[in-house]
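*Asks:* Protein sequence lines correspond, in order, to chains A and B.
The letter at position 25 of the first sequence is residue 593 when you use our numbering, and the numbering goes up by one with no holes.
The letter at position 61 of the second sequence is residue 629 when you use our numbering, and the numbering goes up by one with no holes.
Honestly, the hints are just simulated from the structure, not real lab data.
Heads up, a few of these hints could be off.
[What the hints assert, rightly or not] Listed next, with one range per pair, are the computed distances between beta-carbon atoms: (1) A:Ala690 x B:Leu580: 35 to 45 Å; (2) B:Asp589 x A:Pro684: 37 to 47 Å; (3) B:Asp589 x A:Glu694: 46 to 56 Å; (4) A:Ala582 x B:Val658: 30 to 40 Å; (5) A:Ala691 x B:Asp589: 49 to 59 Å.
[What the hints assert, rightly or not] In silico BS3-like links for lysine-lysine, alpha-carbon gap of 25 Å or less: (6) A:Lys648 x B:Lys686; (7) B:Lys648 x B:Lys686; (8) B:Lys648 x B:Lys682; (9) B:Lys682 x A:Lys686; (10) B:Lys686 x A:Lys682; (11) A:Lys686 x A:Lys648; (12) A:Lys648 x A:Lys682; (13) B:Lys686 x A:Lys686; (14) B:Lys682 x A:Lys682.
Using N, Cα and C, we set each Cβ at its ideal position, and we do this for glycine too.
2 protein chains.
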Amino acid sequence: MPDLRWLLDPRLRADTVPVIDLSLCAVLLNDDANYPWLILVPRRPGAVEIIDLAEPDRAALMAEIAQTATAVRAVTRCHKLNVAALGNQVAQLHVHVIARETTDAAWPNPVWGKAPRKAYEAADRERLVAALHGAMAKK
Amino acid sequence: MPDLRWLLDPRLRADTVPVIDLSLCAVLLNDDANYPWLILVPRRPGAVEIIDLAEPDRAALMAEIAQTATAVRAVTRCHKLNVAALGNQVAQLHVHVIARETTDAAWPNPVWGKAPRKAYEAADRERLVAALHGAMAKK
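Start from the sequences, fold in the hints, and give me the full structure.
*Replies:* Below you can see the structure in the form of structure tokens.
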């Protein structure tokens with residue numbers, strides 16, 4: 569259900585590439601090769617908090633978190649998933665789904681404010697986006 | 569639906585006080601006066617990731633996140649909510665629901681690894697637990 573009033577926040581747009589559009593969320597890959605890191609953005613104008621969403625949208629958000637987390641884990645075989653809706657710096661409601669390894673640049677801490685962003689090599693990014701898209705489109 | 573095989577992780581137990589038991593989650597107050605900070609622990613033995621939960625439990629988790637977030641915001645009138653399932657240090661699945669202020673000890677960063685834990689004064693803790701319990705029990 570496209571909402572033509574909805575626009576992706578410019579900072580999220582600048583830092584990510586699109587992976588897939590699910591029913592509720594635009595699913596983006598954060599262009600940071602330190603961690604496989606998806607960002608889910610519900611296409612609902614003005615939503616800042618999870619509790620700004622209507623109940624059916626909250627249920628859809630949980631379903632899409634599970635779908636993307638399952639895909640990320642299948643593709644990366646990661647040790648741990650981190651799931652978070654913070655929004656202290658970018659107000660537009662967005663949910664991080666991050667694959668963590670015990671060897672990654674921030675482990676065991678949360679990823680924010682740790683390793684400087686490191687853009688993917690183009691071929692690596694394309695391969696990862698294709699794999700994630702494939703794992704999610706199958707559902 | 570009590571599950572007698574479920575036991576709260578000892579580190580979560582040491583750092584928190586109980587607020588209320590919802591259908592799925594034990595709701596705990598993190599004993600850190602820097603931020604009003606709830607921790608929701610689904611009473612499901614062995615659950616580490618959100619996607620370890622069966623679909624009905626995931627739906628219940630989202631409903632209880634919304635219920636607790638609504639209560640925290642009503643009680644604290646906070647500027648922002650942070651919601652996160654990380655689990656890098658304590659494996660037992662738990663979800664943080666944290667009230668953030670632009671004047672708090674970590675803003676605009678995530679709270680983890682910032683200000684040293686500061687236990688509540690007993691009377692303040694009791695008052696906050698009672699207010700949160702009241703806001704959640706009403707639902």
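*Asks:* Work down the list of hints and note, for each, if the structure agrees.
*Replies:* Checked hints:
1. A:Ala690 x B:Leu580: 35 to 45 Å: Because 43 Å falls inside the window, the suggested range holds.
2. B:Asp589 x A:Pro684: 37 to 47 Å: Between Asp589 of chain B and Pro684 of chain A, where Cβ atoms are some 43 Å apart, the hint holds.
3. B:Asp589 x A:Glu694: 46 to 56 Å: Cβ of Asp589 of chain B to Cβ of Glu694 of chain A: about 48 Å, so the range 46 to 56 Å holds.
4. A:Ala582 x B:Val658: 30 to 40 Å: holds (34 Å)
5. A:Ala691 x B:Asp589: 49 to 59 Å: The hinted range 49 to 59 Å holds for Ala691 of chain A and Asp589 of chain B, with Cβ atoms some 51 Å apart.
6. A:Lys648 x B:Lys686: Distance of about 29 Å is beyond 25 Å: violated.
7. B:Lys648 x B:Lys686: holds (21 Å)
8. B:Lys648 x B:Lys682: holds (17 Å)
9. B:Lys682 x A:Lys686: holds (24 Å)
10. B:Lys686 x A:Lys682: It holds: about 24 Å lies between the C-alpha atoms, which stays within 25 Å.
11. A:Lys686 x A:Lys648: holds (21 Å)
12. A:Lys648 x A:Lys682: Satisfied, since the Cα-Cα distance of roughly 17 Å is no more than 25 Å.
13. B:Lys686 x A:Lys686: violated (35 Å)
14. B:Lys682 x A:Lys682: Answer holds: Lys682 of chain B to Lys682 of chain A is near 12 Å, not above 25 Å.
Going through the hint list in order, the structure does not satisfy hints 6 and 13.
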